[in-house]
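Use the sequences and the hints to build the structure in full.
In order, the protein sequence lines correspond to chains A and B.
Under my numbering, the letters of the first sequence match residues 1 to 239, in that order.
Under my numbering, the letters of the second sequence match residues 1 to 239, in that order.
Treat the hints as calculated values from the structure; they're not laboratory data.
Honestly, I wouldn't trust all of these hints.
As the list claims (entries may be wrong) - Partial chain B-side listing against chain A, Cβ under 8 Å, derived:
{"id": "1", "residue": "Arg-26"}
{"id": "2", "residue": "Val-45"}
{"id": "3", "residue": "Lys-55"}
{"id": "4", "residue": "Arg-56"}
{"id": "5", "residue": "His-77"}
{"id": "6", "residue": "Gln-87"}
{"id": "7", "residue": "Leu-94"}
{"id": "8", "residue": "Ala-105"}
{"id": "9", "residue": "Ala-108"}
{"id": "10", "residue": "Leu-112"}
{"id": "11", "residue": "Ala-115"}
{"id": "12", "residue": "Leu-169"}
{"id": "13", "residue": "Tyr-171"}
{"id": "14", "residue": "Gln-172"}
{"id": "15", "residue": "Gly-231"}
A virtual CB, placed ideally from N, CA and C, is assigned to each residue, including glycine.
Number of protein chains: 2
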Amino acid sequence: MKNTPHPADLSAQIAQSIRDAIVDGRLLVGDRLPSEAELAEQFSVSRPTVREALKRLAAQSLIRTQRGATGGAFVNHLSYAEAHNQQITTATLLLSMNAISFDVACEARYALERACAPLAARRRTAAHLKILHTEIATQSQPDLSDEAFCASDVTFHRGLVDAAGNPVLSYQLAGAVEAMQPLMNMITFTARSRVTIIALHCRIADALEGFDASSADSALYRLEEYTRDLGRDLLSARA
Amino acid sequence: MKNTPHPADLSAQIAQSIRDAIVDGRLLVGDRLPSEAELAEQFSVSRPTVREALKRLAAQSLIRTQRGATGGAFVNHLSYAEAHNQQITTATLLLSMNAISFDVACEARYALERACAPLAARRRTAAHLKILHTEIATQSQPDLSDEAFCASDVTFHRGLVDAAGNPVLSYQLAGAVEAMQPLMNMITFTARSRVTIIALHCRIADALEGFDASSADSALYRLEEYTRDLGRDLLSARA
DNA sequence: ACCATAGAAATGTCAGACATTTAAATGGCG
DNA sequence: CGCCATTTAAATGTCTGACATTTCTATGGT
Numbered sequence: 001m002k003n004t005p006h007p008a009d010l011s012a013q014i015a016q017s018i019r020d021a022i023v024d025g026r027l028l029v030g031d032r033l034p035s036e037a038e039l040a041e042q043f044s045v046s047r048p049t050v051r052e053a054l055k056r057l058a059a060q061s062l063i064r065t066q067r068g069a070t071g072g073a074f075v076n077h078l079s080y081a082e083a084h085n086q087q088i089t090t091a092t093l094l095l096s097m098n099a100i101s102f103d104v105a106c107e108a109r110y111a112l113e114r115a116c117a118p119l120a121a122r123r124r125t126a127a128h129l130k131i132l133h134t135e136i137a138t139q140s141q142p143d144l145s146d147e148a149f150c151a152s153d154v155t156f157h158r159g160l161v162d163a164a165g166n167p168v169l170s171y172q173l174a175g176a177v178e179a180m181q182p183l184m185n186m187i188t189f190t191a192r193s194r195v196t197i198i199a200l201h202c203r204i205a206d207a208l209e210g211f212d213a214s215s216a217d218s219a220l221y222r223l224e225e226y227t228r229d230l231g232r233d234l235l236s237a238r239a
Numbered sequence: 001m002k003n004t005p006h007p008a009d010l011s012a013q014i015a016q017s018i019r020d021a022i023v024d025g026r027l028l029v030g031d032r033l034p035s036e037a038e039l040a041e042q043f044s045v046s047r048p049t050v051r052e053a054l055k056r057l058a059a060q061s062l063i064r065t066q067r068g069a070t071g072g073a074f075v076n077h078l079s080y081a082e083a084h085n086q087q088i089t090t091a092t093l094l095l096s097m098n099a100i101s102f103d104v105a106c107e108a109r110y111a112l113e114r115a116c117a118p119l120a121a122r123r124r125t126a127a128h129l130k131i132l133h134t135e136i137a138t139q140s141q142p143d144l145s146d147e148a149f150c151a152s153d154v155t156f157h158r159g160l161v162d163a164a165g166n167p168v169l170s171y172q173l174a175g176a177v178e179a180m181q182p183l184m185n186m187i188t189f190t191a192r193s194r195v196t197i198i199a200l201h202c203r204i205a206d207a208l209e210g211f212d213a214s215s216a217d218s219a220l221y222r223l224e225e226y227t228r229d230l231g232r233d234l235l236s237a238r239a
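Encoded structure:
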């Protein structure tokens with residue numbers, strides 16, 4: 001796919017070589033890599049070069065290192081939490097660097113959320129409902145800052161996603177929702193708009209409580225419309 | 001969120017410090033970072049330590065480096081393609097390392113795909129339809145290997161996602177779909193199952209051609225059911 | 001005015017040393 | 001014999017200094 005007219009750095013080559021070994025299973029989770037000195041000899045490079053390669057892999061959570069006698073670099077078990085963090089970092093930067101319009105981001109976010117609404121309506125537990133109601137209560141506090149309101153909003157929607165009971169979906173979506181928070185934070189939430197949003201959150205929570213997928217979907221649709229209206233107002237107010 | 005009982009490596013701290021500067025806008029796309037020697041002095045560490053930090057950031061595509069007189073480390077413009085690649089790497093490893101059941105992965109994938117089907121039905125262009133029909137033709141070749149069939153399947157579904165005309169959605173979903181390919185590759189596609197899948201692909205393409213969102217959705221639902229049946233057969237055949 | 005060449009600045013790489021952490025081997029003592 | 005403190009070894013973490021390589025810039029000659 002990508003030519004290497006100027007062959008990449010040695011550390012990048014070595015990192016790729018080890019990455020390949022992990023991806024196609026020659027190195028399994030928990031396996032210990034050779035020591036830095038051994039790797040340096042194997043690849044015929046110096047130890048600092050090997051270290052740079054290892055740091056690259058560590059940055060992707062592919063390996064973890066331990067110091068001490070039985071230490072070394074180990075193939076990491078990539079947890080949902082770690083994958084999730086990487087997803088957020090990448091998605092946040094992608095959004096902030098590519099002049100994504102509020103509309104496009106909003107559309108993507110709610111399309112994804114509506115995708116898991118039917119599952120959530122089927123599988124939600126009492127614990128999930130409790131989270132939603134707690135956040136609704138938080139959002140109803142009149143002296144809440146805009147940032148705190150947004151943060152609670154993220155938690156609410158993450159609760160909705162988690163209610164779908166599919167960790168793969170949660171990982172994908174929570175990243176998308178959280179990455180949008182900086183964009184959402186630009187909005188000033190008036191008292192009136194908060195009331196509208198909270199009312200829709202209530203409709204969503206009620207729909208889930210009643211296992212009513214279509215009602216949850218329509219509430220999400222209304223919330224999407226309303227959020228995009230707020231974004232439009234923000235833009236026109238600036239002009 | 002995460003305690004640091006043993007403070008992290010210096011290189012990790014420095015990487016985080018620079019990452020923060022990029023994320024909250026103190027460093028903008030295209031900006032040049034100070035030279036390695038200057039960074040070393042600023043952070044009171046040695047050059048190799050700074051270099052390890054920079055390699056971490058490079059591994060996340062946050063920066064790119066150039067050699068030569070006007071060279072240095074520059075804040076990278078994170079393109080969709082780069083973000084997409086990272087997404088695939090992470091998602092693939094996550095799926096391979098966490099014993100994700102075929103059912104869960106399948107459910108997530110089709111939930112996401114169905115999320116963009118309505119958008120695709122509204123916005124698909126002739127170019128999108130052409131991609132879908134091309135892949136259907138490829139899949140109809142009787143002497144196609146299972147791997148090639150899967151690859152064409154991925155391209156087909158990616159075309160479907162792209163037809164939604166939302167780059168954020170494309171980035172999120174294409175990663176999820178491609179990450180599932182290794183799981184799909186375990187399936188042996190009999191001639192009969194191929195016929196069924198291709199028929200459903202045709203229904204999807206026709207639905208998009210006719211701007212018929214609900215028909216596309218039901219076809220996707222059937223395809224999900226069928227795919228999960230194939231996965232179940234695979235498991236039972238092993239027992 | 002143009003081209004070749006030398007210089008400067010930056011990253012890329014290497015070698016060797018020392019510091020620190022950690023677990024295991026060792027030894028003494030009850 | 002068994003338990004605890006100590007030593008030892010192996011590994012990563014960090015530093016210093018040097019040299020190689022790449023690439024732009026400025027200088028100089030024709």
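**OP:** List in ascending order the numbers of the hints, as given earlier, that are violated by the structure.
**Re:** 1, 2, 15
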